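Given chain A's structure and the hints, the job is docking chain B onto it.
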Amino acid sequence: MTAPDPLLARVWKTLADVAGAGRVPAAASASCPLGPNGFWLDSIDLMDAVLACEEAFGIRFEPETDFDASRLRTVADLVELVRARGGK
Amino acid sequence: MAEPLESPAPPTSPVRAGLIARWRARSAIYSPAVWALMIALDVLPWPWGEDIVAHLFGATGLLRRDRRQRALAWARQQPDRSAWRLAHALCAFLGRWAARSKLLGLREPDDLRRHLVVEGEERLDAGGAGVILLAFHIGPPNADIALKVLGRRVTSVVWGRRDQPGWWGPPWRSLFASNPDLVASGNPDRWLRVLYQARRILLDGGIVYLMADGAGRELAHLPLPGGPVIVRAGWFNLQRHTGARVLPILTHAEGRRQVITIHPELPMGEADPAEGRPRWQDAIASLLADYVRRFPEQCFGLAFRPWGRAAEPGFTAPQV
Numbered sequence: 050m051t052a053p054d055p056l057l058a059r060v061w062k063t064l065a066d067v068a069g070a071g072r073v074p075a076a077a078s079a080s081c082p083l084g085p086n087g088f089w090l091d092s093i094d095l096m097d098a099v100l101a102c103e104e105a106f107g108i109r110f111e112p113e114t115d116f117d118a119s120r121l122r123t124v125a126d127l128v129e130l131v132r133a134r135g136g137k
Numbered sequence: 141m142a143e144p145l146e147s148p149a150p151p152t153s154p155v156r157a158g159l160i161a162r163w164r165a166r167s168a169i170y171s172p173a174v175w176a177l178m179i180a181l182d183v184l185p186w187p188w189g190e191d192i193v194a195h196l197f198g199a200t201g202l203l204r205r206d207r208r209q210r211a212l213a214w215a216r217q218q219p220d221r222s223a224w225r226l227a228h229a230l231c232a233f234l235g236r237w238a239a240r241s242k243l244l245g246l247r248e249p250d251d252l253r254r255h256l257v258v259e260g261e262e263r264l265d266a267g268g269a270g271v272i273l274l275a276f277h278i279g280p281p282n283a284d285i286a287l288k289v290l291g292r293r294v295t296s297v298v299w300g301r302r303d304q305p306g307w308w309g310p311p312w313r314s315l316f317a318s319n320p321d322l323v324a325s326g327n328p329d330r331w332l333r334v335l336y337q338a339r340r341i342l343l344d345g346g347i348v349y350l351m352a353d354g355a356g357r358e359l360a361h362l363p364l365p366g367g368p369v370i371v372r373a374g375w376f377n378l379q380r381h382t383g384a385r386v387l388p389i390l391t392h393a394e395g396r397r398q399v400i401t402i403h404p405e406l407p408m409g410e411a412d413p414a415e416g417r418p419r420w421q422d423a424i425a426s427l428l429a430d431y432v433r434r435f436p437e438q439c440f441g442l443a444f445r446p447w448g449r450a451a452e453p454g455f456t457a458p459q460v
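Residue numbers (the numbering used here), protein chains in the order written: chain A, 50 to 137; chain B, 141 to 460.
Worth flagging that the hints you see were computed from the coordinates, not collected in a lab.
As the structure is a computational prediction, the values presented were derived from the model and not from experiment.
Glycine residues also receive a C-beta, built at the ideal position from the N, C-alpha and C atoms.
The reader is advised that the hints may include incorrect statements.
Claimed, not checked - Below, a sample of chain B positions facing chain A; criterion: calculated Cβ distance under 10 Å:
#, residue
1, Arg333
2, Leu335
3, Ala373
4, Ala425
Claimed, not checked - If you want the ones that stay clear, here's a sample from chain B, every Cβ over 10 Å from chain A, calculated:
#, residue
5, Leu181
6, Asp191
7, Ser314
8, Ser318
9, Pro328
10, Gly356
11, Arg357
Here chain B stands alone, though its shape is the one from the complex:
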């Protein structure tokens, strides 16, 4: 009796395997529909895909009740602006942010480098101590990646992994490999390790980039038109343990350029950062108020507040 033949596994073409890998690289904040769109549009040269995603988000944002209501509620608090026009621009910018977060259409670091402007970069080198770059969820994403592209060694403290296998090509992967993030992997239990490692980097004179308004213990509410910014405690604790200089970093889009501004050092207080609290709070509030006045359409993080909750077990960021 003849032995049954084993049926060979169907061959997987490289294209199919690549698509599967790209699909599996989806971050939790992207809905499956948006992720499918991102995969399809990534074949286009920058900025075509980014523009298409922005237009789609602008149109669908006003059709989606929850997003429209949030955008309009925030837009109505901004003086001298048409609320509907601003709400539309906010929704479109959210799409641009979603596309830029994954560097849609940007094949390699040089593609991004050509469109970057950094103001105040000399402040990074002004003192011997470590530097905390304090960022906010406003403007284009990845100011830290932009600094890495420009040759700066910056260690980013992030909630979830950004260099998922299957999405970025070798030039981007090598940028991350040589300058890796500190990743909590979406697990609040990992923050201790991440914070401890960040502290060591600061004590060694390095640069640590982290979000002031992400997840974690609340430290301060800074009033702004449209609602307060909730500042979290992670960066403050790192400063307290290291004496690092704290430089707020804001970024905005100007046409095709991304302008990154590194602001002067926050006045943290010599002996006890808690004593300097009124001064650094005022300094941050002033910077953010100026940003909101100049670039309200880029304040998606304030309007939609997707990161407004604490990092508790089971926390998942809402999807775009």
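Excised from the complex, chain A in its bound form:
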């Protein structure tokens, strides 16, 4: 049995704060989409979310490489991005 990822839990909470109670999926899952059928975040919400992650984890994203649409589809993608930038 694998231990729950604490980084996933923190990113999930950050996303939940941005999305608001009405848009938080019932079960926390790394594969949950950030957009439709998940948190339903649009680009403006996503910017709020990445800035909240920068503040929460003391990191700084690089837009040219980090915000390629194909790299940022699910909660797991965001968790890996935060981890790659040094977030713990």
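For chain B alone, kept in the frame of chain A given last:
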């Protein structure tokens, strides 16, 4: 047995190659017929081609049922104007806008510079913070390019690339190379990157130019004669994250001159821009109402509303 000779590729003349490159530079908002016309007319000195496109759009606009109906419906809501005359002028202005968007006949920045007037430019330098120049789809296009031509460093947030290879000559390309746009490339997924980059520029004290009434999440409906303006949320979010000053920028044509007016800073609210919302909404609505009253024939974006939809996957702007 002799080896078969390879037939050499037919030579492509520079003229033919140039024409092919120009054809391939067509933006999605131009129909093939209009684009072919643009290529043909670009050889003429400014403003001949622009005038011809405007006359053609004026004439054909009233023959095209959809465009005529929209123009007339909007024109009938404007007081003290002949609806048919105004509808014709709107259609003609749409043609002028289509031509000017690609700088038809304007060979280099100096050709445009000679016909520019900027009012309120001192407002750009009035404070230390970054500046959001908030533009609308009314009047001649490319007020941001005009400011770049005048030596201002302005970063524009745009939906599609404007400096397609093959269309503009080296003087225009170098203007864009030294002061590039932030381009979403017609892909809503790219907005995050574009918004994030715009935020950094604002935090560094730069100037970001973007449309208030383009695509994206709706923020406010501002009532105007003929229908509301839908204000989108992108600029508001940038202001919220940066504390940038927001200066509405409007532009109109006066004969051959393009007059660009940079208006006073919007009252956004000190601590929370949402609290200042009634005041900035009133300020924008007042500016636009005054513009519509003075230059109704230049309000093509309000009459035809080509940008009235959200930026959803598969969204494509309608063609001129």
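For each hint, the structure was consulted:
Taking 10 Å as the C-beta contact cut-off toward chain A, the hint placing arginine 333 of chain B at the interface holds, the least distance being around 4 Å. For leucine 335 of chain B, the interface hint holds, since its Cβ comes within 10 Å of a Cβ in chain A; the closest pair sits about 5 Å apart. Checking alanine 373 of chain B against chain A by beta carbon gives a least distance of about 6 Å; that is within 10 Å, so the hint holds. Interface hint at alanine 425 of chain B: violated, since its Cβ lies 22 Å from the closest Cβ of chain A, which is beyond the 10 Å cut-off.
For leucine 181 of chain B, the condition that its CB be more than 10 Å from all CB atoms of chain A holds, with the nearest at approximately 37 Å. At roughly 40 Å, the least C-beta separation between aspartate 191 of chain B and chain A is larger than 10 Å, which holds for a residue marked as non-interface. Every beta carbon of chain A lies more than 10 Å from that of serine 314 of chain B, the smallest distance being close to 23 Å; the non-interface claim holds. No beta-carbon of chain A is positioned within 10 Å of the beta-carbon of serine 318 of chain B; the least distance is around 19 Å.
The claim that proline 328 of chain B is not at the interface with chain A is violated, since a C-beta of that chain comes within 10 Å of its own (minimum 7 Å). With a least beta-carbon separation of about 7 Å from chain A, glycine 356 of chain B fails to lie farther than 10 Å from that chain, contradicting its non-interface assignment. For arginine 357 of chain B, the shortest C-beta to C-beta distance to chain A comes to about 6 Å, within the 10 Å cut-off, and the non-interface label is violated.
Checked against the numbered hints given earlier, this structure breaks hints 4, 9, 10, 11; the rest are met.
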